[in-house]
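S.K.: Residue numbers (this note's numbering), protein chains in the order written: chain A, 278 to 509; chain B, 278 to 509; chain C, 278 to 509; chain D, 278 to 509; chain E, 278 to 509; chain F, 278 to 509.
Don't take each hint at face value.
As the list makes no split between identical chains, a pair holds if one copy fits it or if it spans any two.
In silico DSBU-like cross-links for lysine-lysine, where the CA-CA straight-line distance does not exceed 35 Å [what the hints assert, rightly or not]: (1) K294 <-> K459; (2) K294 <-> K490; (3) K459 <-> K490.
These aren't lab readings, by the way, just hints derived from the structure by calculation. Keep in mind that this is a model prediction, so the values were computed, not measured.
6 protein chains.
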Amino acid sequence: MRIDEMTSEDFREAVIKGATVILPLGATEAHGPHLPLGTDTFQPEYVAERVAEMNDNVLVAPVMPYGQHSSMRNVAGTIGISFDTLRAFVTDVLNYLIADGIRRIVIISGHAGTSHMCAITEACRAVVGRRDVRIAFFSDYDIASEMTNVENDGHGGLVETSRILDIRPDLVRGARPVGTYKSHGHLVLRDGSVCFPEGMAGDTRDSTPEFGKEINDYVVRAVSEIIREDLS
Amino acid sequence: MRIDEMTSEDFREAVIKGATVILPLGATEAHGPHLPLGTDTFQPEYVAERVAEMNDNVLVAPVMPYGQHSSMRNVAGTIGISFDTLRAFVTDVLNYLIADGIRRIVIISGHAGTSHMCAITEACRAVVGRRDVRIAFFSDYDIASEMTNVENDGHGGLVETSRILDIRPDLVRGARPVGTYKSHGHLVLRDGSVCFPEGMAGDTRDSTPEFGKEINDYVVRAVSEIIREDLS
Amino acid sequence: MRIDEMTSEDFREAVIKGATVILPLGATEAHGPHLPLGTDTFQPEYVAERVAEMNDNVLVAPVMPYGQHSSMRNVAGTIGISFDTLRAFVTDVLNYLIADGIRRIVIISGHAGTSHMCAITEACRAVVGRRDVRIAFFSDYDIASEMTNVENDGHGGLVETSRILDIRPDLVRGARPVGTYKSHGHLVLRDGSVCFPEGMAGDTRDSTPEFGKEINDYVVRAVSEIIREDLS
Amino acid sequence: MRIDEMTSEDFREAVIKGATVILPLGATEAHGPHLPLGTDTFQPEYVAERVAEMNDNVLVAPVMPYGQHSSMRNVAGTIGISFDTLRAFVTDVLNYLIADGIRRIVIISGHAGTSHMCAITEACRAVVGRRDVRIAFFSDYDIASEMTNVENDGHGGLVETSRILDIRPDLVRGARPVGTYKSHGHLVLRDGSVCFPEGMAGDTRDSTPEFGKEINDYVVRAVSEIIREDLS
Amino acid sequence: MRIDEMTSEDFREAVIKGATVILPLGATEAHGPHLPLGTDTFQPEYVAERVAEMNDNVLVAPVMPYGQHSSMRNVAGTIGISFDTLRAFVTDVLNYLIADGIRRIVIISGHAGTSHMCAITEACRAVVGRRDVRIAFFSDYDIASEMTNVENDGHGGLVETSRILDIRPDLVRGARPVGTYKSHGHLVLRDGSVCFPEGMAGDTRDSTPEFGKEINDYVVRAVSEIIREDLS
Amino acid sequence: MRIDEMTSEDFREAVIKGATVILPLGATEAHGPHLPLGTDTFQPEYVAERVAEMNDNVLVAPVMPYGQHSSMRNVAGTIGISFDTLRAFVTDVLNYLIADGIRRIVIISGHAGTSHMCAITEACRAVVGRRDVRIAFFSDYDIASEMTNVENDGHGGLVETSRILDIRPDLVRGARPVGTYKSHGHLVLRDGSVCFPEGMAGDTRDSTPEFGKEINDYVVRAVSEIIREDLS
């Protein structure tokens, strides 16, 4: 069930029955020459909707399509928000959900940047410290990476390309690029995109919708399990 | 063109050609017994996409589905953000767009609450005061109301119901309600929903998809005109 | 009773008897070629003092002579504060009054700018949501406008000129100007004063102290009624 | 010249001639059994107006009647604002005055609490560090205390009582009290009013309007000298 | 006992026995040609450690070596933090100590700048207003000045030089300077160091480690007394 | 060179010669039954001082002994600051160093918590984005972990115990504990210390000062290399 398609009354009834809410957090970020700017939005939204279909009384909140960016902040098409705005956003939405009576919340972030994840974690921790609620939070990117464990695969790489080929094949463009993450050691960078000379990291030449489906299925099962195990 | 479906390179090229960006701002808010919680999201997103189809080099940024709420804040299904978070959100996204090279921006808000509009206005004014950019901002709700001018019609009323019947007929439920706005004078209310005993305001019994289409067409034309007149 | 003329002991006694406090909020703002910069301060202060004379145990807090400005912010003589400062100011003063034992508060704003009103509303709502207090808030400018209903009359127009002719005739200068509000559509303006080419809006040629008195009397009665009806 | 009595045009002309602005900062604070709550407002406003009369092109901004309080914060009739609000207020008003073209500003505070003074100082320092302006800031209470140098005289004491007897004799009530400041060492107090068991400090039995006039005359001369010496 | 040398278990036991914690606040600030930048850190840390040795169950928290600066902010070697950061720092540490079960806290500041002291005071007051804790706060500089009462002695003067000669004689360099505080009246200064043409104030030619020891012994006794009297 | 032992003049000269500043960031945090609360302070301070001895014109700023904590925040002896305070602290100190003329800065954090590191990173990134400065930032804990690569070794484990046995052997207490990190999946924890049932993670039975020295030497060499490679 998508919350934006429910009426107020539908929502009230779902709360009474002890609904779990999934909040998908997306991003609008440059993802190499081949993937759409909404890559980090499409993935968690897709996962959330499939989890909701497969599990009882799981509601999907509207996806937030803006996140916090560091490496890609200056690359064309990246449109984001600051650390503080993201933290405030998550805090506000959690407080609204809790005020509405929700006691089990899953936050799935498509983007997995360190500061982005930290902003969300800080918001969740502060809320959990004050309110009676169970919150699980993770990036579906990280779950996918753990499963696939492809060496040197990263931003816009084999895993993400395959997943988008499964979810939105119409949006993957041209040839399948190869890119290498170029470390700059411990220097704090003015423009982090220098670490991605090709705009992405990994070898996407073997990406297929079949592999993407395998990954997406795995992530959907993993999230379902988190709901059953961690949130009960 | 939806920005989330473009690649980084697509976006760069559109900027070089002087693209205009429409940022639709939605909300997740109780809209009476008959309308979906995403009512204020579906309307500006629909308008933005149709304006983009009809005008050259107009891009649609991902819709933000959370806004600031006063009257409906305690009603089941309303999920929002604070004044300060909304203002920070708009400021951040505007700064990103400007850094990307965008010089013409239209913000369309589906929700028209006074404080919600004020938060967005304050963000726009501060940005316009410092940066070289032209921004138009309005609520498509207000444009629709000015056109239709139906007495006592308001939140979830005849106009909104008709518009959603045109855009997402599958989401309008049950009977067509009648509701009356009940003023509480100048008292600052702890719970503003007492002004909406029926959860909405207006007489929706005559709502039709045809009337909705007429309104939506009008709004699309009005926005196109704003882009041509105010932003050039 | 003006609070600044009372001793601590006077105030304590008034609180015990259930005093109502009026907090007049003024502004220092350009008001055309003919009206003084304190126009928005003199009006609510005058109203507050007359309401206090005519009603039992109504105290007038010292008038705050600075508000938030948008349109007139760059015009000579406008001296104001930001949205956040105004909101914080109102919040602080309300909290002090409540801590002192006051349970009925009327805030009258002389300035009626949208963001100015919103800042005060946001402060009031937050306080009302947490504390046991009744607050009425409005602009005496709006009450006067509703009563008089003069077409195209606005900032520094017929109504304001007449009211100041009644309250401080010594401060109205030279000829009676005519000005037209010039709309700029939905564009967010860098300098809102372009909407007021003559620095004011309306036709003041028929302004008289008699009409001003009539309006002021009406406003005083309206505020007295709000205290009796809304705050009890 | 009081700014609130000037028109926009009057103000513009004064700026062109290089006007100095005095910003009087008052307070609403319990001042013992005999003095009015506006004691700290009446004094700097009186000084500012007399300095303006005696010096060329000196303008008096509207007095701000709320300050920051520590010792008296819980005593009936004290109505104040927080440290941050006061600092923001002074910052905003200074920025407006500078934007208007003012280059010489005198801030006179009636209240002399340490944190109150610090909030104003911090605002002034930040502005002076960024903008081309000369600002003098002091409390007329401190100038009066240095001149009179009465032992153990303080809040609501001989000096303040005499000054108010000169300025607003109608507002000094009943007998002339005697009070002793009771130190609590280095302990941070929850309620600082325990240091003022009588609500004031000093022996007011010898207070006279003549002595008050002598002090007020001295302060007015001192401020005139500051304008001539420090601000040129 | 230094807290940084204790284990978690040591600390828990000390809390159970009702430990008092001393939090020494230092600074890194230019102190004339002869004294080290850590002058304001070494003094309160030394005092705190000696008080802890001489009193039962007194723990010394790690010294904070950065404070807020005004006069010396632009002089080489001054490294500080803002008013707001210092206030937040003290607030956070106090809240941690209280959450840990500490109910008696002494804050000793080596630096005695007015705004620096105010930031700490504001933090302490806010905490004391909400939590069940006794806090004493002072500058050991002020205690030393009251005892010695040397005319025109100040920053980096006879008292501080003698104290550092007692505590860290290896760090006092070259000749003993003489400096004069040069008042700039009530003008808010862009660079406060103009008041210290020699970088310090006082006549240090008679400074000796013996005098320093005398002062330090006095301060240690005074702090011990504050713990016994004010905090019990 | 320790900055707190230098005079203002020493510092000025070092800046002219192009000094590099190391800012060690410590923490006061429970580190198991055997290690002192200052474990995360002693390590980076020791590294910083040895790097300064071995390299030309490298200055050590005073160590900041408080950091941000999540897992250990409720354990006895942990005394920390919030995310925002830490970020503000680092921002302020960096701005002071840059204003002083420093253009090469190394920040070494003893504590390596994710949010703690993120707060520092966010501060560094914002400063680097605006100012002409090179900043390297890392945790010496992470550098030590990469070198040693001991499985399941973590907070208060074999590496940290050995390092402290080298640096401050007097402070390591009792038996050498064994502890296991207990994952709680993706659940956001109210009290993160449940992941450390023994208060630490790793098997410290083989810890020796010799191993600690080996690690510390490695870290010192690694930091020296970062200064030579990344900062030039």
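S.K.: With reference to the structure, classify each hint as holding or not holding.
M.R.: Outcome of the hint check:
{"no.": "1", "hint": "K294 <-> K459", "result": "between (50 Å within a copy, 32 Å between copies)"}
{"no.": "2", "hint": "K294 <-> K490", "result": "within (32 Å within a copy, 37 Å between copies)"}
{"no.": "3", "hint": "K459 <-> K490", "result": "both (29 Å within a copy, 32 Å between copies)"}
Checked against the numbered hints listed earlier, the structure breaks none of them; every hint is satisfied.
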